[in-house]
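So the chains spell out like this:
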Amino acid sequence: MSASTVAARSEGSHAAPWCVLGAGLLAIALAILWLRLLGPVATPWRALLLTGGLLTVGSGVALQPASSLVLLTAAAAAWLGRQALEPECDSLRLMLTVMAVFAAVSALLVQLPRTARRVVVSLVILFHFGGILSAVTSVPPQPWLSLWAWTHVYRPYLEFMYLNNAYHFYSPDPGPPTLLWAYVRYQDGTARWVKLPNRDDYPLAINYQRRLSLTESINQLTNSQSIPHLQAESLKQARQEAARDYQIPLHPSIELALQYRKPTPFSERMLRAYARHIAYVSPHLEDPSQQVISVKLYRVVHSLPAPRDLVAGLSPLDETSYLPYYQGEFTPDGTLIDPQDPFLYWLIPIVRVPRSSSATFSQTGALTLTPANSEVVNFLEAHATGRRPTLPMLGSDRGQP
Amino acid sequence: MNAALATDDTRAFLPVRMWRSWCRFWFNPADPTLLGLVRICAGLMVLYVHLAYTFDLDVLIGRHAWLDLETITDFRQNIPILPPTTGWEPPPLEEPPLDPEARQRWQEDMQRWGIDTRGACARGRWITSIWFHITDPGWIRVLHGCFLLAMVLFTLGVATRVTSVLTWLIALSYIQRAHTSLFGMDTIMIIVLLYLMMGPSGAALSVDRLVARYRATRRALATGQPVPVRFRPEPSVSANLALRLLQVHLCIIYMASGLSKLQGQTWWSGTAVWGTMANYEFSPLHLPFYQWALQMISQHRWLWEVMTTSLTLFTLVFEISFAYLVWLPRWRWLMILAAVGLHLGIAIFMGLVTFSLMMMTLLLAFVPPEAVYRMLRWLGRGAEDLWLAFRPADPRQARAASLVHALDVWGQVELEAAGTSPHLQLRTEKGELLTGYPLFERLARGLRLTRPVAWLTWVPGVGALGRAWYPPAPSASGPGLKNGRAARPASEVSEPTEV
Chain Z
9 MSASTVAARS
19 EGSHAAPWCV
29 LGAGLLAIAL
39 AILWLRLLGP
49 VATPWRALLL
59 TGGLLTVGSG
69 VALQPASSLV
79 LLTAAAAAWL
89 GRQALEPECD
99 SLRLMLTVMA
109 VFAAVSALLV
119 QLPRTARRVV
129 VSLVILFHFG
139 GILSAVTSVP
149 PQPWLSLWAW
159 THVYRPYLEF
169 MYLNNAYHFY
179 SPDPGPPTLL
189 WAYVRYQDGT
199 ARWVKLPNRD
209 DYPLAINYQR
219 RLSLTESINQ
229 LTNSQSIPHL
239 QAESLKQARQ
249 EAARDYQIPL
259 HPSIELALQY
269 RKPTPFSERM
279 LRAYARHIAY
289 VSPHLEDPSQ
299 QVISVKLYRV
309 VHSLPAPRDL
319 VAGLSPLDET
329 SYLPYYQGEF
339 TPDGTLIDPQ
349 DPFLYWLIPI
359 VRVPRSSSAT
369 FSQTGALTLT
379 PANSEVVNFL
389 EAHATGRRPT
399 LPMLGSDRGQ
409 P
Chain R
3 MNAALATDDT
13 RAFLPVRMWR
23 SWCRFWFNPA
33 DPTLLGLVRI
43 CAGLMVLYVH
53 LAYTFDLDVL
63 IGRHAWLDLE
73 TITDFRQNIP
83 ILPPTTGWEP
93 PPLEEPPLDP
103 EARQRWQEDM
113 QRWGIDTRGA
123 CARGRWITSI
133 WFHITDPGWI
143 RVLHGCFLLA
153 MVLFTLGVAT
163 RVTSVLTWLI
173 ALSYIQRAHT
183 SLFGMDTIMI
193 IVLLYLMMGP
203 SGAALSVDRL
213 VARYRATRRA
223 LATGQPVPVR
233 FRPEPSVSAN
243 LALRLLQVHL
253 CIIYMASGLS
263 KLQGQTWWSG
273 TAVWGTMANY
283 EFSPLHLPFY
293 QWALQMISQH
303 RWLWEVMTTS
313 LTLFTLVFEI
323 SFAYLVWLPR
333 WRWLMILAAV
343 GLHLGIAIFM
353 GLVTFSLMMM
363 TLLLAFVPPE
373 AVYRMLRWLG
383 RGAEDLWLAF
393 RPADPRQARA
403 ASLVHALDVW
413 GQVELEAAGT
423 SPHLQLRTEK
433 GELLTGYPLF
443 ERLARGLRLT
453 RPVAWLTWVP
463 GVGALGRAWY
473 PPAPSASGPG
483 LKNGRAARPA
493 SEVSEPTEV
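Chains as they are written, first to last, in our numbering: chain Z, 9 to 409; chain R, 3 to 501.
Next comes chain R alone, as it looks inside the complex:
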């Protein structure tokens, strides 16, 4: 198909070729796994940022905040917007109104906004926030807690189509209310959330995905179809669209940032980076070691000049060239690494850790999906193999088997649907046969996905409760057995191998 398309493309008119290239760029289906990874990273960052708001609720979004409700309401409802003049001469100065009331209003306006607002083409700002209308400290805290919960659900990928929209709206609410306390991190955060909302960010690496796997397995078992062994999320056009939007926007950010710096003298003279490294309020200059290091570098002019000029030049060259070079396969990883280096430097030398992490989250959009899968395979390395025997005709066993299969994202458990036992049975690599609570315990500890929560099974008392509630099958207990573990028959015990 590609060869035929290539042949068609070379023969087609230029606009047609351009349209096809455009469609290939924006509308080819893409694997949403990378988007899922971006969602997790962004979700963790968003959660942290809004957890931090917990300490500042009253001073940033309350009625008597730094930017109090009265001022922000005046701005969003009344700020005048002056249009650019359409002629070559500045607009003529108008005489003050003759009517006393109008004149007083005009003078108040002049004092408030510093300009003659009679030439305004519009008033107010198109911003929305729940915090413009909720000012009771108690309700602010209640809502804030609910919003944090929504962000947790978004990060985990629960009902992502809804929680992604909620998270974006929630983040927007804080941003639009606490206008004067924002910095670059907020700008990038809202961009990432916008595009995650537009794409299927919950189609992979999410609880939604686990639910989809569970349902697919249940369906297969119910209809007698083969259980899906390994299944990747369906590629989708919207996933590609979201990733492309992230990529193009990042290119614009770097380009704008780099080109705008060319207006500055210190960027040309190679000393701009000193303005960030020696900025006491941002950099680690309050740390004795850092101050000593800067002092030591400053004592050797050559060293100082080489350091500042090279870092300044690196910043400029990287930011201006990123938008072009990142699209070339040979240069992509170099640009990604350079970006990581730049943002590590910003995090360390300018203290802007959250901004840097958010930029790196945006940068993930350029990581090839294969790299994500390699990372996932690496995370699953060395996982033990298990075998789960169950009776498909038994609905409870079928549900349990489906659940295990859904959680088994690294393919550790082989389902054996031909079992006849009234109980689920789990066989390990060592030949142990487990039922009841020991089965559950082993699965929780053995499956890679459940390992982070498997520590619960080590809590004193949990095991005893588990065994009482879900006892091992009686047939698994016998001479030589302990706690539901059956010894393998002597004939199956392998002889030690002589090396």
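Here chain Z stands alone, though its shape is the one from the complex:
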């Protein structure tokens, strides 16, 4: 037996794959005929035939990937495969189109002499990383050139391949997490909270982390300074009147400009979709026949504990560390019930107030309050349930901003 070292032959050089390609093309052709002659009947089986045909063609390419004729046949097969899909399957037709183009270009590439092939591949590499860089620099403030390139050149490529990320992890600063709390009301007048995410609800950490991403999608906010001055004054006035009428004051220790945060149109769409989903998956716990009549959503920011808070023994789960912003009440089909709600997009305070003090409510924000000398007033419960909050005795203008 020889002790020499011999390089193994690569897996690609095998007998002609034409039988395999032929079988794949036949399956695709049958799928096309099926759709043309029978229409959308027994679609799963037609889809299976098409998938089997495409996989078979792919196997044929794998047997002889360096043949331009094989690649052209594969391109034709992918293009034909589109005809076996209904027009409604637009994204699958898009996928097959991309595969056909890729196979056709590869067929041309393998025919080129080595240097020309290297030049073409090099240009593709530069195009690819140019697109990556346009995505990386697409976050404002971005160069105009980058934005132009992304919009007019790279967008289809980056979106299709999911290469559109800017990799700005934890930048500019790591922020507090966003939670989603929903108050679900039923026909019989009962209600319950659905709070997302809860670690204990998920078997695997990755499922929990995906919920955190869900909640971040409602955290895209418009710039408060972009709101016209008159509109801002009108919103503030309406909120102050609501504070008097409903006894739900403004937060005493957070700057007014930060208490109103309107979501972007994208986040507004997400909120409507999430309201629909929550209404769909939150049956009445005791009587499933009771329909959901509305869902109140709150975008909740869970503040990060400062080192002094930990030193003072404050729990990271202290109620006052949660900052709920009211996102509206929705019908089960996701329609916002009252776009003129004075509390819409405003912070609903959960605060500590001194057990007894001559300070007014608005002055309590300046006091140093600990669990020992104060109690928590949860205006969120009052807002969600519609009940008047119970306030401890404070100065004469309690509840007034």
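If you're looking for bench data, these hints aren't it; they were derived computationally from the structure. What you are looking at is a predicted structure, and each value in this text was computed from that prediction instead of being measured. Honestly, I wouldn't trust all of these hints.
[What the hints assert, rightly or not] Cβ-Cβ distance ranges computed for the label pairs, FRET-style:
no., chain 1, residue 1, chain 2, residue 2, range
1, R, Tyr-292, Z, Pro-151, 39 to 49 Å
2, R, Trp-21, Z, Val-118, 18 to 28 Å
3, R, Pro-139, Z, Gly-183, 34 to 44 Å
4, Z, Leu-141, R, Thr-137, 31 to 41 Å
5, R, Trp-21, Z, Pro-151, 26 to 36 Å
6, R, Arg-447, Z, Gln-91, 47 to 57 Å
7, Z, Ala-74, R, Arg-217, 10 to 20 Å
8, Z, Leu-229, R, Ala-456, 54 to 64 Å
9, R, Leu-53, Z, Arg-122, 40 to 50 Å
Backbone N, C-alpha and C fix where the C-beta goes; we use that ideal spot for every residue, glycine too.
Given chain Z's structure and the hints, the job is docking chain R onto it.
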């Protein structure tokens, strides 16, 4: 050749020199073994991620998912794309349409997208997913099971040229459908899968490789050629291309991540890391010990400042300098270790275990192939030597010998092709001669590659079934023999060595 090339290079024009350097970087053939290792690690991660989807199929990709089908379809078909203005002034505000129907459509659009869509240069998004079109819960589960199978095959390296493409398409389908539940791990996963699909990721450390070894051995035996003893996968240009793409992309990721942090105040003040360590929803702050540890550190300002500032600085320095230093041989291992440290920290203190593992998979692209071979040799250390005698003229024996040789990736079994026995014979280091099922059992337990599945031979009843189906050769049974094991002749028994 290298000296001549160097001489040519120094004389050539700068563009020519640059082109040659570029070609050396991108188009030199490389051993695909490292790519195979990346495939295995990535495949395991991808499999885990999609197994986890099993618990969330309806809420993430079903019709009534968090991002329901109606909303995602509207986004992918209709979302307006506004181009950047080409002048210096913002575009003038247009009057609303006069036509009542057009005006109503315009108002609905404004409400839906929040912008005047008449200036849009395009609509919709170029995304594809099978889950846009399959919404029946039963079929979702059936397909999901098939997709998991494809991922298993990809991880094992079965028909990798096909399964790598399938795995990429499958991962893309989940990602494009469940847009709002994605995080950094998904971003990195699709990058790794893309480049694995482009390179020969099944050329090494794969079932495809074992099949190639089997075929090469069969060919050699059939043609009377010497059986290949040790053979490495052929270096290929596409393997190098895939590895370089992984490397360059990782450099871009770290650089972008590091530079973008410089916009943040807490990264400059040295306190940014606290924002991750004290984040209740991400960090282990719900664990009493971790909370106690943070409390204890917070009680000593100096300790707190040193910890946060050093970790913050480490993150910035590492991310910004990685793209330069990792290419220098002296710095490479340090950068790799620093990256592993960073991602271990992210996994422990931010709970992002899958993201960290996926980044470390991407980082494997920088590990020298020699290190992979050292690891493989280490895995094969102490393996026992075996000798397999077979008759090349017997097709069944030739096939069996080829199969053993294919599975014998650590070179434990020496094939002896001069056998005349009608049965395969296996000789061990201790001089035992095995045939029939005992031969198979010993090979399964002895070969390093088959050890993970050799536990099957210990299952009660398997041995008896095996012996009934594949009995030991009669000539191997005789006085003093048991179960097909022949004692070595007395003359061959070695005397105990006196120390």
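Hint check results:
no. : hint                              : in the structure
1   : R:Tyr-292 x Z:Pro-151: 39 to 49 Å : holds (42 Å)
2   : R:Trp-21 x Z:Val-118: 18 to 28 Å  : holds (22 Å)
3   : R:Pro-139 x Z:Gly-183: 34 to 44 Å : holds (36 Å)
4   : Z:Leu-141 x R:Thr-137: 31 to 41 Å : holds (37 Å)
5   : R:Trp-21 x Z:Pro-151: 26 to 36 Å  : holds (28 Å)
6   : R:Arg-447 x Z:Gln-91: 47 to 57 Å  : holds (54 Å)
7   : Z:Ala-74 x R:Arg-217: 10 to 20 Å  : holds (18 Å)
8   : Z:Leu-229 x R:Ala-456: 54 to 64 Å : holds (59 Å)
9   : R:Leu-53 x Z:Arg-122: 40 to 50 Å  : holds (43 Å)
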